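Protein chains in written order, with our numbering: chain C, 1 to 343; chain B, 1001 to 1343; chain L, 2001 to 2326; chain W, 3001 to 3326.
Quick caveat, the hints were computed from the structure, so don't treat them as lab data.
Some hints here could point you the wrong way.
Below, in silico cross-link-like pairs of lysine-lysine (PhoX-like), each with a Cα-Cα straight-line distance of 25 angstroms or less [to be verified]:
id, chain 1, residue 1, chain 2, residue 2
1, L, 2248, C, 277
2, B, 1277, W, 3046
3, L, 2248, B, 1170
4, W, 3316, W, 3281
5, W, 3310, B, 1339
6, L, 2281, B, 1139
7, W, 3046, L, 2248
8, B, 1339, L, 2106
9, W, 3244, L, 2281
10, W, 3316, C, 95
11, W, 3247, W, 3176
12, L, 2281, W, 3248
13, L, 2248, L, 2176
14, L, 2047, B, 1139
15, B, 1229, B, 1203
16, L, 2047, B, 1170
17, C, 339, W, 3247
18, B, 1203, C, 238
19, B, 1095, C, 203
20, L, 2247, B, 1139
21, W, 3281, C, 170
22, L, 2244, C, 339
23, B, 1203, B, 1222
24, L, 2210, L, 2247
25, L, 2281, L, 2310
26, L, 2244, W, 3281
27, W, 3316, C, 170
28, L, 2310, L, 2247
29, C, 278, C, 246
30, C, 170, B, 1139
31, L, 2281, W, 3247
32, L, 2106, B, 1095
33, W, 3047, C, 139
34, W, 3310, W, 3248
35, B, 1286, B, 1238
36, L, 2281, W, 3046
So the derived list for chain W, only partly shown, Cβ under 8 angstroms to chain C, looks like this [claimed, not checked]:
id, residue
37, 3039
38, 3041
39, 3055
40, 3102
Computed from a predicted structure; not experimentally measured.
From the three backbone atoms N, C-alpha and C, an ideal C-beta is built for every residue, glycine too.
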Amino acid sequence: MAKKKGLTADRLIWMYTQMVRIREFESRVKRTFVEHPGVIRGHTHLGDGAEATIVGALATRQDDDLAMPSYRCHGYPLVLGTPPRKMMAEIYGRKDGLCGGFGGSMHLADPEHHFPGTSGIIGQAITHATGAALTAQVKDTGQVIYCFFGDGATKQGAFFESLNLGAVWKLPIVYILENNYYQAYTHVSLEDANYIAGDPLSKKAQAFSIPGVTVDGTDPLKVYATVQKAVERARSEKGPSLIEAKFHRLSAHGNAITVPPVPTQFPEHEAVEVYGKKAEFAAAIKNDPIPKFRASLLRKRILTKEDAQRIEEKARAEMEDAVQFALASPLPAEAEAVKHVYA
Amino acid sequence: MAKKKGLTADRLIWMYTQMVRIREFESRVKRTFVEHPGVIRGHTHLGDGAEATIVGALATRQDDDLAMPSYRCHGYPLVLGTPPRKMMAEIYGRKDGLCGGFGGSMHLADPEHHFPGTSGIIGQAITHATGAALTAQVKDTGQVIYCFFGDGATKQGAFFESLNLGAVWKLPIVYILENNYYQAYTHVSLEDANYIAGDPLSKKAQAFSIPGVTVDGTDPLKVYATVQKAVERARSEKGPSLIEAKFHRLSAHGNAITVPPVPTQFPEHEAVEVYGKKAEFAAAIKNDPIPKFRASLLRKRILTKEDAQRIEEKARAEMEDAVQFALASPLPAEAEAVKHVYA
Amino acid sequence: MAREMMYGEAIAAAIAEEMERDSNVVFYGQNLAMTERDPFLRRFGKKRVRIAPISETAEMGVAVGAAITGLRPIVELWMSEFMLVAFDELINEAPRLRYMSGGQVKVPLVFKAGYGFAAGWAGQHSNCVYHAMMGIPGLKIALPSTAADAKGLMAAAIRDDNPVVYLHHYMLTLDKGPVPEGEHLVPFGVADVKREGSDVTIVATGWMVKKSLAAAELLAKEGISAEVVDPRTLTPLDVGTILKSVKKTGRLVLVDQGTRHASAAAIIAAEIAEHRGNALKAPVKMVTALDTSIPFSEPLENYVLPNEEKIVAAVKSVLAQQLAAV
Amino acid sequence: MAREMMYGEAIAAAIAEEMERDSNVVFYGQNLAMTERDPFLRRFGKKRVRIAPISETAEMGVAVGAAITGLRPIVELWMSEFMLVAFDELINEAPRLRYMSGGQVKVPLVFKAGYGFAAGWAGQHSNCVYHAMMGIPGLKIALPSTAADAKGLMAAAIRDDNPVVYLHHYMLTLDKGPVPEGEHLVPFGVADVKREGSDVTIVATGWMVKKSLAAAELLAKEGISAEVVDPRTLTPLDVGTILKSVKKTGRLVLVDQGTRHASAAAIIAAEIAEHRGNALKAPVKMVTALDTSIPFSEPLENYVLPNEEKIVAAVKSVLAQQLAAV
Ligand SMILES: Cc1ncc(C[n+]2csc(CCOP(=O)(O)OP(=O)(O)O)c2C)c(N)n1
Ligand SMILES: Cc1ncc(C[n+]2csc(CCOP(=O)(O)OP(=O)(O)O)c2C)c(N)n1
Ligand SMILES: [Mg+2]
Ligand SMILES: [Mg+2]
């Protein structure tokens, strides 16, 4: 894990910090189901495990570049500068939430911080990100769009149609496939023809004659280097690339789906809960990107133990504040509901 | 063009005969727009130019195998045994039509002759053919499904979703991509990322890790040999293949789209009409699969000139009869329209 | 012989019984039968019970192709809104192929999906889309409101030779009710009077039946007798039973979880308007969702959806009105 | 200053004028701007005018993504039924993103498509699908019936900050009418009385306006005075103007090219039923397509579609009825 060109020590520490912040935020979301049952409604999906991919990719950003992921969307805006208070308040359905309580966990949006919004319908966000890249191209803004989606989403027609159109129009976009081996409760071996044949999912890029690369999604520096190349390609008007980043998510797909008043909660990861593969999940935990990156930064003396601890404590305090802020925020007034239908 | 294993002289003559029949049928459909203006309504698409692909592929069929193409569907049932009288009557909207005048040119269906029906919505017929392959697999019938579609259809999500599902379920189906270089008025260079990169469209097979082969679609024996392999694979439960057969259609996409009472008619081929590329179209005419195959059979003394002439005359008589039958057939009684809505 | 069963269980029971009866019935969808322990998989084998990729267009289109060639597929689509990515198959393929073939093929399949999950699923997972399927000749739509209907309509849907959209309501999943054991078929196009009454007719489907019955209870306490009619299938729609009730009561309140213009309520109101419009004692009244997407936060969500109070208020308003002067 | 123009030309004129006015407007779709000779391409350049692959999901989704980031895309989709393969974008993305973001983004785009091509296009290319788009909060729907409205509604659609489905009727493409030159905006939600009358109100959209006006001519010869109202936009729907007309005439015939339960007619009937139902002199009457897919053969097609004779008969039937006894 060599220090990559263009990544200063400060930047590496920034990356570690962002990873820790995401993890802490997600763990607070998850704990809410236990500590404040009933506060989070609907379906909530966490990004723990994805930190190296999210941060490694977004570390290559220039100022105005946009990030456009799927409904599993908590990690990205944290890196882009969205206040966690507002995010947590949104997830709790509060008035002070990022979207005033209209969107919830699956639909965070913060256009001011380069995060135009998300869709909960698999694959459709890929078309939206491709459209954002059209805007960048038509307006000649020099922006690159970072489009994130799951392995499952690559089974949707929307994925294929978008990549072909993006390639034909040479749009400034990087398609980042987060292969966490599962779509909800289904292992990728049950639904992906490439995987079944022993091929990487990045092979799908062949269908569009664009670069397709697979990278270890638990290593932020490898992700950084790989995405960097794709971003350069996109920014120099050569068109999109497909990057497959492989990692395990570390929580279940989402909270268990129940009908009120049965309370929602987080089950165990599907590897264990559904397939009984304890060893698979243990290996994933062992491969957790955060302790790995921490150890490497310590080893390279980029980070001291004290720095690391301070970063972790700061993140804890920040997210504790977010939780308290969100809990204190009132629910929206019901008659607000008729707002925002039309512009 | 070697004589392929398993193709007797009789079978080769049969193939030539089918190609001539298709051509003659399509030319009679086309002439109808001039000879009997107003008789054909709506949108009609011809298979002239595709004969070598249609017949080369279907010559590999076993008894119960099904053919499932798109709305450009006249050629296939002729090979399967559907009476041209009924087909022409359907295209003319007559009571004695294959579908009683309910379907028309885009929706021929003759399940009795292994032709379950077609869809006019691009890409959707690929899903239907994949479903027919599911039936064959579940019922263990040993059937293979021949799924035909255009280059344009490979830009639809339905295409990608079907091939992945077909590969994952190892369905007995052969996907035959008729690359005639145009989707309606658009040249493939304007919409296909593989083509733009100089790659064959069969490269899309990589997205599913299935065999993808490109073949000269103007040579029925090459098509035969290529499809044969894919059929064997499908029948031996190894799953689907993608075969790209390249050829030019020899007529325009379809009759010009007009609003009544402006009469419909056939414009020139898009290569000339839209793009002004006379040389491209001249080359296509020179590469017409029928005279080429005829010459080769004559050269190899499989066919005599007299045989050839007899075949052609017979086809002419058969299609003349079809036209006369269709013209003589009454229009359906209007109140019939409320039939067939529900089974 | 009836047994207490949950609505969700009753659906599964119908599928299992029909799969037992007819080996042409196959069942597939996303996130089901993941492991060999799956009870359907164990019982019916992996040819007939399958996990499908997240590919609604292929899933639904494959069902159409399988149906015209001899199978009777049931596709588990989970949330009815997911069908929108493949709506062509529902609107323009499954119901049209038979007609276009002049009656040569039939398309027996069931698209099964839940809907109306009013529990914080926000703007894209809890709307109602059945209105968009109404009036599509060739298609049938079932919306059970009780465990018994859930079983009987599913069995009937599977046996039907036409494409059926079977929409079960998520909020009813755990609701219990008596369900006939063994063969139990609820015929399509036959509305059910869930409660008899004489002052006003309330028409509702799915979860709204439950809400309407609760409202009727409240009204009864005030001496108002409400009849609650559940059409059970939207296509075919049993206008006759509703008309009969309206002839008796002279007043009609239509309850629908969808928005005003995207509701079965409006379609039914139109039918009644044409058949009996000016003979009502008061104009019909629709109680629907407000014209918004479904918001995430609980008070917002509650505010936009119909509930007992809104139904009670609507009933009172139609009772208050006299025959308007012409 | 008005100029005679064909309906189809008027649409193109509006697009060109708006593209001239606002450089954020982009225009793309299948099978357009194939060569450098294309007039739009020459005028606005290949960044703003593009040919798209046959990928409706990407085409429509790209428009949504482009709209929330600052463009105002117009997508040429040709036949409205082709949108069904990507219906999620229309129903569950474009109209919901603003709401779900709590008003942070806007989604200004136009999905342009033709519909109702009753000329032998058979079961999958000539049905009406606008009913499925009604009642979707956040979405607007325009259905011009004249060349002038075609221009004015397109210009208004492009300037609207919300997603608009603009549906032009294929059968009207070559119809001529006077069209104001230069800026001409037809506001959304304002119905137009296409013909004044006193005995009966006929409400119709698109091609059915033409048929209704022809029917009104025939009726006039028999001394029956029909008012023809064209809502022009289905969302927002100008119930007020229809109500005003119905108050005057006391009778309502609704004409729709869709089937009964998949029609704007039924939605409008419901609104009138609720607002004035029992004050009508006769129940409303709907003249719609019969409950079939559109058959290919001409006599079959004619049989299932509404026409002048059916409209005339419906008008006479509502005139024949007296206020029914309660
Ligand atoms: C069209 C559609 N089908 C099904 C779903 C239900 N669904 C929600 S999340 C999900 C799994 C997605 O998996 P993947 O793309 O791998 O992303 P991950 O959750 O692993 O990040 C599914 C199937 C949906 N939201 N939309
Ligand atoms: C979903 C959809 N979009 C657009 C169309 C309009 N359309 C009809 S035929 C056609 C071209 C198809 O081209 P291709 O698949 O190459 O087949 P070919 O006509 O060349 O045989 C198009 C775009 C359609 N029928 N369905
Ligand atoms: Mg995944
Ligand atoms: Mg083609």
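Now the hints, each set against the structure:
This hinted pair does not check out: residue 2248 of chain L and residue 277 of chain C have alpha carbons roughly 63 angstroms apart, beyond 25 angstroms. At roughly 21 angstroms between alpha-carbon atoms, residue 1277 of chain B and residue 3046 of chain W fall within 25 angstroms of each other, so this suggested pair holds. At most 25 angstroms may separate the alpha-carbon atoms for a hinted pair to count; residue 2248 of chain L and residue 1170 of chain B exceed this at roughly 59 angstroms. With a C-alpha separation of about 13 angstroms, the suggested pairing of residue 3316 of chain W with residue 3281 of chain W holds against the 25 angstroms cut-off.
A C-alpha spacing of about 20 angstroms is found between residue 3310 of chain W and residue 1339 of chain B, which places the hinted pair at or below 25 angstroms, so the restraint holds. The hinted pair formed by residue 2281 of chain L and residue 1139 of chain B fails the criterion: a straight-line CA distance of about 59 angstroms is larger than 25 angstroms. For a cut-off of 25 angstroms, the pair hint linking residue 3046 of chain W to residue 2248 of chain L is broken: about 66 angstroms separates their Cα positions. With a CA separation close to 13 angstroms, the supplied pair residue 1339 of chain B and residue 2106 of chain L stays within the 25 angstroms bound.
Restraint check for residue 3244 of chain W and residue 2281 of chain L: the C-alpha separation of about 22 angstroms stays at or below 25 angstroms, so the hint holds. With a CA separation close to 57 angstroms, the supplied pair residue 3316 of chain W and residue 95 of chain C exceeds the 25 angstroms bound. The suggested pairing of residue 3247 of chain W with residue 3176 of chain W is violated, with an alpha-carbon distance near 33 angstroms, which exceeds 25 angstroms. With a C-alpha separation of about 21 angstroms, the suggested pair residue 2281 of chain L and residue 3248 of chain W falls inside the 25 angstroms cut-off, and the hint holds.
Of the supplied pair hints, the one linking residue 2248 of chain L and residue 2176 of chain L is violated, its CA atoms being roughly 31 angstroms apart against a limit of 25 angstroms. Restraint check: the Cα-Cα separation between residue 2047 of chain L and residue 1139 of chain B comes to about 9 angstroms, which is no more than 25 angstroms; the hinted pair holds. At most 25 angstroms may separate the alpha-carbon atoms for a hinted pair to count; residue 1229 of chain B and residue 1203 of chain B meet this at roughly 18 angstroms. With a C-alpha separation of about 12 angstroms, the suggested pair residue 2047 of chain L and residue 1170 of chain B falls inside the 25 angstroms cut-off, and the hint holds.
Only pairs whose Cα atoms come within 25 angstroms are accepted, and residue 339 of chain C paired with residue 3247 of chain W is rejected, the gap being roughly 32 angstroms. The suggested pairing of residue 1203 of chain B with residue 238 of chain C holds, with an alpha-carbon distance near 20 angstroms, which does not exceed 25 angstroms. Among the hinted pairs, residue 1095 of chain B with residue 203 of chain C is inconsistent with the structure: their alpha-carbon atoms are about 51 angstroms apart, more than 25 angstroms. Using a Cα cut-off of 25 angstroms, the hinted pair residue 2247 of chain L and residue 1139 of chain B is violated, with the two alpha carbons roughly 52 angstroms apart.
At roughly 63 angstroms between alpha-carbon atoms, residue 3281 of chain W and residue 170 of chain C are farther apart than 25 angstroms, so this suggested pair is violated. Distance restraint check for residue 2244 of chain L and residue 339 of chain C: the Cα-Cα separation of roughly 40 angstroms exceeds the 25 angstroms cut-off, and the hinted pair is therefore not satisfied. Among the hinted pairs, residue 1203 of chain B with residue 1222 of chain B is consistent with the structure: their alpha-carbon atoms are about 19 angstroms apart, no more than 25 angstroms. At most 25 angstroms may separate the alpha-carbon atoms for a hinted pair to count; residue 2210 of chain L and residue 2247 of chain L meet this at roughly 23 angstroms.
For the given pair, residue 2281 of chain L sits about 20 angstroms from residue 2310 of chain L by alpha-carbon distance, which is consistent with the 25 angstroms threshold. Between residue 2244 of chain L and residue 3281 of chain W, the direct Cα distance comes to roughly 22 angstroms. Compliance with the 25 angstroms bound is thereby established for this hinted pair. Under the criterion of a C-alpha separation no larger than 25 angstroms, the hint pairing residue 3316 of chain W with residue 170 of chain C is inconsistent with the structure, at around 61 angstroms. Taking the CA atoms of residue 2310 of chain L and residue 2247 of chain L, the gap is near 24 angstroms; set against the 25 angstroms cutoff, the hint holds.
Straight-line distance between C-alpha atoms of residue 278 of chain C and residue 246 of chain C comes to about 19 angstroms, which keeps the hinted pair within the 25 angstroms bound. Of the supplied pair hints, the one linking residue 170 of chain C and residue 1139 of chain B is violated, its CA atoms being roughly 46 angstroms apart against a limit of 25 angstroms. Taken as a hint, the residue 2281 of chain L and residue 3247 of chain W pair is honoured in the structure, with Cα atoms around 18 angstroms apart against an allowance of 25 angstroms. The suggested pairing of residue 2106 of chain L with residue 1095 of chain B holds, with an alpha-carbon distance near 20 angstroms, which does not exceed 25 angstroms.
For the hint pairing residue 3047 of chain W with residue 139 of chain C, the CA-to-CA distance comes to about 9 angstroms; that is within 25 angstroms, so the pair holds. At most 25 angstroms may separate the alpha-carbon atoms for a hinted pair to count; residue 3310 of chain W and residue 3248 of chain W meet this at roughly 23 angstroms. A distance of roughly 38 angstroms separates the Cα atoms of residue 1286 of chain B and residue 1238 of chain B; the hinted pair therefore is violated under the 25 angstroms criterion. Between residue 2281 of chain L and residue 3046 of chain W the CA atoms are separated by roughly 63 angstroms; this puts the pair beyond 25 angstroms, and the hint is violated.
At a threshold of 8 angstroms, the smallest CB-CB gap from residue 3039 of chain W to chain C is about 19 angstroms, leaving the interface hint violated. Taking 8 angstroms as the C-beta contact cut-off toward chain C, the hint placing residue 3041 of chain W at the interface is violated, the least distance being around 14 angstroms. The beta carbon of residue 3055 of chain W is positioned within 8 angstroms of a beta carbon in chain C (closest approach about 4 angstroms), and the interface hint is therefore held. At a threshold of 8 angstroms, the smallest CB-CB gap from residue 3102 of chain W to chain C is about 4 angstroms, leaving the interface hint in force.
When held up to the earlier numbered hints, the structure conflicts with 1, 3, 6, 7, 10, 11, 13, 17, 19, 20, 21, 22, 27, 30, 35, 36, 37, 38 and fits the remainder.
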